[in-house]
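**Student:** Sequence:
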Amino acid sequence: MLLNKLLFDTLTAQAKANPRLRQHFDLRNSEHDQSQRMLNALEPGTVLPIHRHLHSSESVAMLRGKVNWIFYDDQGNMTGKYLIEAGGDNPGIVVPKGQWHTLECLESGTVVITMKDGVWEPLWEEEIFKL
810 MLLNKLLFDT LTAQAKANPR LRQHFDLRNS EHDQSQRMLN ALEPGTVLPI HRHLHSSESV
870 AMLRGKVNWI FYDDQGNMTG KYLIEAGGDN PGIVVPKGQW HTLECLESGT VVITMKDGVW
930 EPLWEEEIFK L
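Just so you know, the sequence shown maps onto residues 810 to 940 in our numbering.
What the hints contain is simulated information worked out from the structure, not anything from laboratory work. Certain hints may be false.
Stated by the list, open to error - When the alpha-carbon atoms are kept at most 30 Å apart in a straight line, the in silico DSSO-like pairs for lysine-lysine are as follows:
#	residue 1	residue 2
1	K875	K906
2	K939	K875
3	K906	K890
4	K875	K825
5	K825	K939
6	K825	K925
Stated by the list, open to error - Label pairs and their computed distance ranges (CB to CB):
#	residue 1	residue 2	range
7	S868	T819	20 to 26 Å
8	W933	M847	16 to 22 Å
9	H841	L940	35 to 41 Å
Backbone N, C-alpha and C define an ideal beta-carbon position, used for all residues, glycine too.
Taking the hints into account, I'd like the entire structure generated from these sequences.
**Tutor:** Quick look at the structure:
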């Protein structure tokens, strides 16, 4: 499979039509694949809750577009904000296991690839920050 402009454009169109303003595309070989690899098309205004991954770090690379990647401490205070931009000085980021984070999409047509260890599971209650 090629990760190409046609695929990115298709996912972007789906993200624009989705009320959540984002669309994922599973890159695993099957549902039994022991990894998490996916594309995410993001549009400005999409809202990702502040969350963490208790069992894996998360590696992210920007394929198109740009986001602000934001880290928080256990009290909800912002501890870092990083511009992650395809073709820029920082085209990717590794989020340590247990680190609270979210992102702010800054450009229409943004596409990221995310990778984590283990079988995909929805976020657990204790992985979503409660304000």
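**Student:** Would you mind marking each hint as holding or not holding in the structure?
**Tutor:** Evaluated hints:
1. K875 with K906: holds (23 Å)
2. K939 with K875: Between K939 and K875 the Cα gap is close to 27 Å, so the pair holds against 30 Å.
3. K906 with K890: Answer holds: K906 to K890 is near 17 Å, not above 30 Å.
4. K875 with K825: Holds, because 16 Å separates the two Cα atoms, which is no more than 30 Å.
5. K825 with K939: holds (28 Å)
6. K825 with K925: holds (25 Å)
7. S868 with T819: 20 to 26 Å: With Cβ atoms ~24 Å apart, the hint holds.
8. W933 with M847: 16 to 22 Å: holds (18 Å)
9. H841 with L940: 35 to 41 Å: holds (37 Å)
In summary, the structure agrees with every hint in the numbered list given earlier.
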